[in-house]
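S.K.: The lines below spell out each chain.
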Amino acid sequence: GAVVSQHPSRVICKSGTSVKIECRSLDFQATTMFWYRQFPKQSLMLMATSNEGSKATYEQGVEKDKFLINHASLTLSTLTVTSAHPEDSSFYICSARVVAGYGYTFGSGTRLTVV
Amino acid sequence: QKEVEQDPGPLSVPEGAIVSLNCTYSNSAFQYFMWYRQYSRKGPELLMYTYSSGNKEDGRFTAQVDKSSKYISLFIRDSQPSDSATYLCAMSIPGGSNYKLTFGKGTLLTVNP
Chain S
1116 GAVVSQHPSR
1126 VICKSGTSVK
1136 IECRSLDFQA
1146 TTMFWYRQFP
1156 KQSLMLMATS
1166 NEGSKATYEQ
1176 GVEKDKFLIN
1186 HASLTLSTLT
1196 VTSAHPEDSS
1206 FYICSARVVA
1216 GYGYTFGSGT
1226 RLTVV
Chain D
35 QKEVEQDPGP
45 LSVPEGAIVS
55 LNCTYSNSAF
65 QYFMWYRQYS
75 RKGPELLMYT
85 YSSGNKEDGR
95 FTAQVDKSSK
105 YISLFIRDSQ
115 PSDSATYLCA
125 MSIPGGSNYK
135 LTFGKGTLLT
145 VNP
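Chains as they are written, first to last, in our numbering: chain S, 1116 to 1230; chain D, 35 to 147.
You may find that some hints are simply not true.
[Unchecked claim] Calculated Cβ distances over 12 Å to all of chain S for the following chain D residues: (1) F95; (2) P115; (3) S126.
[Unchecked claim] With a Cα cut of at most 25 Å, we get these calculated PhoX-like pairs of lysine-lysine: (4) K134(D) <-> K76(D); (5) K1156(S) <-> K134(D); (6) K101(D) <-> K76(D); (7) K1181(S) <-> K1135(S); (8) K1179(S) <-> K1135(S); (9) K1181(S) <-> K134(D); (10) K134(D) <-> K1179(S); (11) K1181(S) <-> K1129(S); (12) K101(D) <-> K134(D); (13) K104(D) <-> K36(D); (14) K36(D) <-> K101(D); (15) K76(D) <-> K1129(S); (16) K76(D) <-> K1156(S); (17) K36(D) <-> K139(D); (18) K139(D) <-> K90(D); (19) K1179(S) <-> K1129(S); (20) K101(D) <-> K139(D); (21) K134(D) <-> K90(D); (22) K104(D) <-> K1135(S); (23) K90(D) <-> K104(D); (24) K139(D) <-> K76(D); (25) K101(D) <-> K90(D); (26) K1135(S) <-> K134(D); (27) K36(D) <-> K134(D); (28) K1129(S) <-> K1170(S); (29) K1181(S) <-> K1170(S); (30) K1156(S) <-> K139(D); (31) K104(D) <-> K76(D); (32) K36(D) <-> K1156(S); (33) K134(D) <-> K1170(S).
[Claimed, not checked] Non-contacting residues of chain S with respect to chain D, defined by C-beta distances greater than 12 Å in every case (computed): (34) I1127; (35) L1159; (36) L1189; (37) E1202.
Derived from the structure by calculation, the hints contain no laboratory data.
In this text, all values refer to a predicted model and were calculated from it rather than measured experimentally.
We put the beta carbon where it would ideally sit given N, CA and C, even for glycine.
Isolated chain D (complex conformation) (with noise of 0.2 Å):
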């Protein structure tokens, strides 16, 4: 089993529906969650960082966080053309190891005007 696993899509929806991404993950060490978007051939972009379990809300974006059952989600509402790119959600261990990023494999979002 993967540490973190990740839904790679494709995903298709018309502009303006409400777009969930999920990721699940085994190590229950993990505290911090993070979501990052990429668009094609460039660097991943951070949208949402959060530590812990609980929702976060930034504009259009809103993350949760499920320790319980190590699932986290990020919504994205009234979605648009311009949010067409893959998102990976990503998660460290406080400390741990340098802190590196464990990655899920990323979920193609298209977004259909």
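Looking at chain S on its own, in the form it has when it is part of the complex (with noise of 0.2 Å):
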């Protein structure tokens, strides 16, 4: 149980454009995701989090017209990463709280490449 599906897991796309990433909560309700970043060989760095039906909650440094987080059902939180340029190339994971046992669990992951 606790499963939360990630998709594209990888995606390339041109220097300008907008690219979305959607994670689904398969088989819980999340009311909270947290979306991170993670650059080769290093931990997850926490972008935002989001909280269903309320607007996300950027980290500091992290720019929110740049990272459009939306939570709009239970099951549902999309990451828009607009105009999109090379230094935007990175692994983005979302997760989700799994409030009965307190876990938190992952999806896959999206490979993100800005050529």
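Reconstruct the complex from the two isolated chains, following the hints.
M.R.: Take a look at the structure:
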């Protein structure tokens, strides 16, 4: 149980375009989802926390206009990287807090390459 | 000082060895402690989850929390090549800041057959 499905797993886009990444909780309701960014051989860096039906809370230094997060339902949160540039190339991972067990389950990640 | 410190390794052991992974932390408000395993280019997978101090065992894995020393450990017995991955410790404060996790840097483990 407590599965988070993340799509796409891999995307290549041209500089200046926007990319949307989706995370769905398949068998539970995720009131809170977290979006992380991970550089090679580095730990996860929290970008923002989204609560269903309200605005996301962004970590210091994360551009909210560039990384748009929407959490319109209890099972879906999306991250849109707007006007992507090569420096946005990274591994993006979502996570949801599983209330019952107080664990956190992660999506499989999206590798974004901006060319 | 970072909130959570974890030796990034890399750590290389022979198959069958006992592996010890550790994290230290500075914020005494942390109450929930987790260990995640992350294979290359995949999302982290929860291995162990403990609340406050004590030990927890699950198969070949044992997690220990010593709150007095602000020190947590993960032991892997009879390590297997399939255990080769990056291990991340994570912790959170009950009810704090949307329950967000604070991660260590991760330790890269290689188990050699």
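S.K.: So which hints don't hold here, by number, going up?
M.R.: Numbers 3, 6, 22, 28, 31 and 35, in rising order.
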